[in-house]
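Knowing the structure of chain A, use the given hints to seat chain B on it.
This is what each chain is made of:
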Amino acid sequence: MPKTLTSVLLLAFAVLLAACNSSNVKFSIVSGSENTVLEPIVQEFCAKQGATCTFAYEGSLDIGLGLQRPAGLDQDAVWPASSVWVDLFDSGRKVRNLTSIAQMPVILGVRKSRAEELGWVGKPVFMKDILAAVKDGKLKFLMTSATQSNSGASAYLAMLSSALGGKEVIEPGDLDNPNVRETVSALLQGVERSSGSSGWLADLYVDSASKGTVYDAMWNYEATLKETNDKLKQMGKEPLYAVYPADGVAVGDSPLGFIDHGRGPEVEKFFTDLLAYLQSDAVRKRIADTGRRLPLGGSAIQAAAEPDWNFDPGKLVTSIRMPEPAVIRKALDLYQEALRKPSLTALCFDFSGSMEDQGEKQLQAAAQFLFTPEKASEVLVQWTPSDHIFVLPFDSVVRANFAATGDAAGQAQLLAAVADQHAGGGTDMYACAQQALQQITATPDLPKYLPAIIIMTDGRTDGSADFFLQQWRNAPVRVPVFGITFGDADKSQLDSLAKATSARVFDGSGDLAGAFRAARGYN
Amino acid sequence: MAISRRAFGLGLLGAAAAGTGGYLTLKDRPEFRGYLGNKAHLFGFIGGEKQAFLADPDVVHALGGYGLELDARVAGSVEMVREAALLSQKPQFLWPSSSIMVDLARKSGVAIRNDQVVLNSPIVVYTWGPVVEGLKKSGLVTVAAKGGYNQLDLKALLDAILAGKNWSDLGIGELYGRARIVSTDPNRSNSGFMFAGLVLSLMSGDVATQELLAQHGDQAKAIFRSMGLKSSSSGKLFDQYIAGGLGAEPMVVGYENQLVEWALADPARWQRVQAGMGAKPEILYPRPTVYSAHPLIVVDPAVDRLLEALTSPKLQELAWSKHGFRGPLGTVAGDADAIAGVRPAEIEAVLPMPSADVMLALLAQMDS
Numbered sequence: 001m002p003k004t005l006t007s008v009l010l011l012a013f014a015v016l017l018a019a020c021n022s023s024n025v026k027f028s029i030v031s032g033s034e035n036t037v038l039e040p041i042v043q044e045f046c047a048k049q050g051a052t053c054t055f056a057y058e059g060s061l062d063i064g065l066g067l068q069r070p071a072g073l074d075q076d077a078v079w080p081a082s083s084v085w086v087d088l089f090d091s092g093r094k095v096r097n098l099t100s101i102a103q104m105p106v107i108l109g110v111r112k113s114r115a116e117e118l119g120w121v122g123k124p125v126f127m128k129d130i131l132a133a134v135k136d137g138k139l140k141f142l143m144t145s146a147t148q149s150n151s152g153a154s155a156y157l158a159m160l161s162s163a164l165g166g167k168e169v170i171e172p173g174d175l176d177n178p179n180v181r182e183t184v185s186a187l188l189q190g191v192e193r194s195s196g197s198s199g200w201l202a203d204l205y206v207d208s209a210s211k212g213t214v215y216d217a218m219w220n221y222e223a224t225l226k227e228t229n230d231k232l233k234q235m236g237k238e239p240l241y242a243v244y245p246a247d248g249v250a251v252g253d254s255p256l257g258f259i260d261h262g263r264g265p266e267v268e269k270f271f272t273d274l275l276a277y278l279q280s281d282a283v284r285k286r287i288a289d290t291g292r293r294l295p296l297g298g299s300a301i302q303a304a305a306e307p308d309w310n311f312d313p314g315k316l317v318t319s320i321r322m323p324e325p326a327v328i329r330k331a332l333d334l335y336q337e338a339l340r341k342p343s344l345t346a347l348c349f350d351f352s353g354s355m356e357d358q359g360e361k362q363l364q365a366a367a368q369f370l371f372t373p374e375k376a377s378e379v380l381v382q383w384t385p386s387d388h389i390f391v392l393p394f395d396s397v398v399r400a401n402f403a404a405t406g407d408a409a410g411q412a413q414l415l416a417a418v419a420d421q422h423a424g425g426g427t428d429m430y431a432c433a434q435q436a437l438q439q440i441t442a443t444p445d446l447p448k449y450l451p452a453i454i455i456m457t458d459g460r461t462d463g464s465a466d467f468f469l470q471q472w473r474n475a476p477v478r479v480p481v482f483g484i485t486f487g488d489a490d491k492s493q494l495d496s497l498a499k500a501t502s503a504r505v506f507d508g509s510g511d512l513a514g515a516f517r518a519a520r521g522y523n
Numbered sequence: 001m002a003i004s005r006r007a008f009g010l011g012l013l014g015a016a017a018a019g020t021g022g023y024l025t026l027k028d029r030p031e032f033r034g035y036l037g038n039k040a041h042l043f044g045f046i047g048g049e050k051q052a053f054l055a056d057p058d059v060v061h062a063l064g065g066y067g068l069e070l071d072a073r074v075a076g077s078v079e080m081v082r083e084a085a086l087l088s089q090k091p092q093f094l095w096p097s098s099s100i101m102v103d104l105a106r107k108s109g110v111a112i113r114n115d116q117v118v119l120n121s122p123i124v125v126y127t128w129g130p131v132v133e134g135l136k137k138s139g140l141v142t143v144a145a146k147g148g149y150n151q152l153d154l155k156a157l158l159d160a161i162l163a164g165k166n167w168s169d170l171g172i173g174e175l176y177g178r179a180r181i182v183s184t185d186p187n188r189s190n191s192g193f194m195f196a197g198l199v200l201s202l203m204s205g206d207v208a209t210q211e212l213l214a215q216h217g218d219q220a221k222a223i224f225r226s227m228g229l230k231s232s233s234s235g236k237l238f239d240q241y242i243a244g245g246l247g248a249e250p251m252v253v254g255y256e257n258q259l260v261e262w263a264l265a266d267p268a269r270w271q272r273v274q275a276g277m278g279a280k281p282e283i284l285y286p287r288p289t290v291y292s293a294h295p296l297i298v299v300d301p302a303v304d305r306l307l308e309a310l311t312s313p314k315l316q317e318l319a320w321s322k323h324g325f326r327g328p329l330g331t332v333a334g335d336a337d338a339i340a341g342v343r344p345a346e347i348e349a350v351l352p353m354p355s356a357d358v359m360l361a362l363l364a365q366m367d368s
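Those protein sequences? They're chains A and B, same order as listed.
One point on numbering: in the numbering used here, the residue at position 326 of the first sequence is 326, and numbering is uninterrupted.
One point on numbering: in the numbering used here, the residue at position 307 of the second sequence is 307, and numbering is uninterrupted.
So here's chain A without its partners, still in its complex pose (with noise of 0.2 Å):
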């Protein structure tokens, strides 16, 4: 055979096997934060099929609301924590293939030595337990927003429904029963630390932990907690002890789903092909090793039961039965508006001169978001009258301290205040934050409300964050400093600060409302 036929031939083979090994498809996934532990499963997947696959982690209602939208969301497949969120948000039904990977129970975790004072261990705790817990001041809990994040619903639909006395579902009515809302409510005080995402709340907890701050207990899904007392025990603390509340919990099914962008039939075998590797045995089994449930996956697969914490996979839990979309969907907003703990939120806003034009433009729209019920709303980020609202515009000093309740008269004068305002001089956020966390410190009852300073800047401050932190420590509560920048932002102070005050930063160079939007999940 002359060479040239041979090399031909060769290459032709090689070209044809580089076909089969490599898909070259490129598939995106929106995720709850939850996943995160499974993404190496699948990435091996994608790399396997010589595709590039990526994440973008969003809380449930995000996922949600990106499905409302008429032109859907951008993603090729959906992997929220709960499909209640495909349910109730897809109406043109763009999502297809929804397919349940794992069940996960939301339970909830307390410090075990505080378990054991309260009782609980080795025993059925129920609702009431819980609530007799939280108005004795025996127990406060990080919870995710219910709002914003499925781990947070599935808590506040169960403490729902428990508060109707074993009802089979909850209906409409049952939200305007007095008692109802009163048990409800008197439950969500134990609310300590709120936030958007069940993952950030459970690395709080272990951040809290490793420097000294420990909170008593942690709703959250059953496999983020086997995470989270992973690393406690690696730390030497003690874990969190798994409570089951005896009246039913909320289980996510963890479903993924495909949304066709007509983007050919490779992208849809990608995710068929996706779709069946998650669920073959070897990978069940490492799904299962998470402390994720398959129920019919047997002793084989599920992950060993761990009787020091009271975790077992295998143990029956009784779910509650969710209800009707347009109830959720009024339970919701019952919560954003009603039940929840009241915030007290002090807003710095930078209008330093750096600020002028594009920022000043864009930072007045994110004010009229934030102060417009209407607008607040459609994102389940409405302030209610209970809530405290400070605005402090600085640049180089405070210009101001505005000060009102949530209520539409008080937000119509914050607007108003925050319009005045143009941009000029020099910059110091510390100076601002200083004022912000005087004002929350001296407000009364304290304890009845959800503390936060948000701060807004395009850039570096001056000043210097130590006399901050120093009053910041001596302070009756501790106040998370949240940051959103803007523009092209140095992060590294915002960082810092929110690092040390355990609170996080949001990117509002995008899109600023819905940074605040964001913000106001882990407030």
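Source of the hints: derived by calculation from the structure; they are not laboratory data.
It should be emphasised that the depicted structure is a prediction, and the values quoted were computed from it without experimental measurement.
Worth double-checking, as some hints may not be accurate.
Unchecked claim - Beyond 10 Å from chain A on every Cβ pair, some chain B residues (computed):
1. His61
2. Ala72
3. Arg82
4. Ala84
5. Lys90
6. Asp115
7. Thr142
8. Ser204
9. Leu212
10. Glu282
11. Val290
12. Ala302
13. Pro313
To be verified - Here are the simulated EDC-like pairs of lysine to aspartate or glutamate, each with C-alpha atoms no more than 20 Å apart in a straight line:
14. A:Lys315 <-> B:Glu133
15. A:Lys167 <-> B:Glu174
16. B:Lys221 <-> A:Glu171
17. A:Lys123 <-> B:Glu174
18. A:Lys315 <-> B:Glu83
19. A:Lys330 <-> B:Asp367
20. A:Lys285 <-> B:Asp367
21. B:Lys230 <-> A:Asp174
22. B:Lys221 <-> A:Glu168
23. B:Lys155 <-> A:Glu168
24. B:Lys230 <-> A:Asp281
25. A:Lys128 <-> A:Glu116
26. B:Lys280 <-> A:Asp312
27. B:Lys221 <-> A:Asp312
28. A:Lys167 <-> B:Asp159
29. B:Lys280 <-> A:Asp281
30. B:Lys230 <-> A:Glu168
31. B:Lys221 <-> A:Glu324
32. B:Lys165 <-> A:Asp273
33. B:Lys230 <-> A:Glu324
34. A:Lys167 <-> B:Asp218
35. A:Lys26 <-> A:Glu266
36. A:Lys269 <-> B:Asp56
We treat Cβ as the ideally placed atom computed from N, Cα and C, and that holds for glycine.
Showing chain B alone in chain A's frame:
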């Protein structure tokens, strides 16, 4: 091997003759028509429970033999015969999961050329081992004398749910809270639709009429209200049942063929589930139950051939042995005992559905 030119020529001639003869034979056999080319593409809507059947390579191949290739899109049975958005796409056929849908299609102005029930599957209740054991103790489940399958006194169960009984009252200590049964949304999906008809008839004590609806509609409505969030398709609800297990989905309504199909799709998995320690999926046959018939509604004459194909012994056999669908009369084609304990040979008590008018009035009442 050396071959002479002459022998080669004779061989060619012989092959040609055989080919012609073969062609003539094939032309008279409809199931081979497709191999001669000229495949007909047919577009229509099907209920989701038949998706796996039509996607089965053996079924695709057998239909290919008839010269047929289907573009079958999934839609809810109720919506495919009522929704303008679907009907305006000019489907050549509709294949819903209930005979009553033929009447509804006609009311929607669909020009029906022909319709015939092709498959059948009784409405069943899916549950788990511990629930069956408990319900046997409380007398709600009995073993059929003939066939040995588990039959459920559905009327007694519905009465218990309406009376607010707990699982423990029904002999099931493992589960906390009120007893409940969940179906799909009757306004969108057929299994929920048929269950609504069955519930109304059971509450009425007879096949429901407009008069009986007026008297007992509220009770049927209460049963569905207690379900909360209802799934839009039978396939989805069955998946939730399998994925959720005893704690999340203790009792759901579905078609008999769904568990059969699930078991057949992965026999090793099925064996593992049977051998495992955990709660096992179980079928309860309500006594009486209703049959979900799957009528093929022919709109375009080209679909006649599809009707011929689907009622052929070959496809009927595939429908039963691989997907658990019974034939047009509720009988089974082929081996009746493919999965021990899952399928009874015959169901004794079957109730007809209320008329289309009664069902529409019931849906309207439940929606209000």
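- Message: Need the status of pair B:Lys221, A:Glu168: alpha-carbon distance at most 20 Å?
- Response: At roughly 14 Å apart (the allowed maximum being 20 Å), A:Glu168 and B:Lys221 satisfy the hint.
- Message: Between the alpha carbons of B:Lys221 and A:Glu324, is the straight-line distance 20 Å or under?
- Response: Given that 20 Å is the threshold and the Cα spacing comes to 14 Å, the pair holds.
- Query: Is the Cα-Cα distance between A:Lys269 and B:Asp56 20 Å or less?
  - Reply: holds (16 Å)
- Item | Proposed proximity, A:Asp312 with B:Lys280 (alpha carbon, max 20 Å) | holds (19 Å)
- Message: Holds or violated: B:Lys165 and A:Asp273, Cα atoms, limit 20 Å.
- Response: violated (45 Å)
- Task: Please work out if A:Lys167 and B:Asp218 have their alpha carbons no farther apart than 20 Å.
- Result: Measuring from Cα to Cα gives roughly 18 Å; hence the hint holds.
- Holds or violated: are the alpha carbons of B:Lys230 and A:Glu168 at most 20 Å from each other? The given pair, whose Cα atoms are some 14 Å apart, holds under the 20 Å limit.
- Message: Tell me if the straight-line CA distance from B:Lys221 to A:Asp312 falls inside 20 Å.
- Response: violated (38 Å)
- Task: Test the statement that B:Ser204 is away from the interface with chain A: the closest C-beta pair must be farther apart than 10 Å.
- Result: Fine: 23 Å to the nearest Cβ keeps B:Ser204 off the interface.
- Item | Assertion that B:Asp115 lies outside the chain A interface [Cβ separation over 10 Å] | The claim stands: B:Asp115 keeps its Cβ more than 10 Å from every Cβ of chain A (closest is about 27 Å).
- Distal placement of B:Ala72 relative to chain A, Cβ over 10 Å: holds (15 Å)
- Please work out if B:Lys280 and A:Asp281 have their alpha carbons no farther apart than 20 Å. holds (18 Å)
Violated hints, listed in ascending order, are 18, 20, 24, 27, 32; each of the other numbered hints is respected by the structure.
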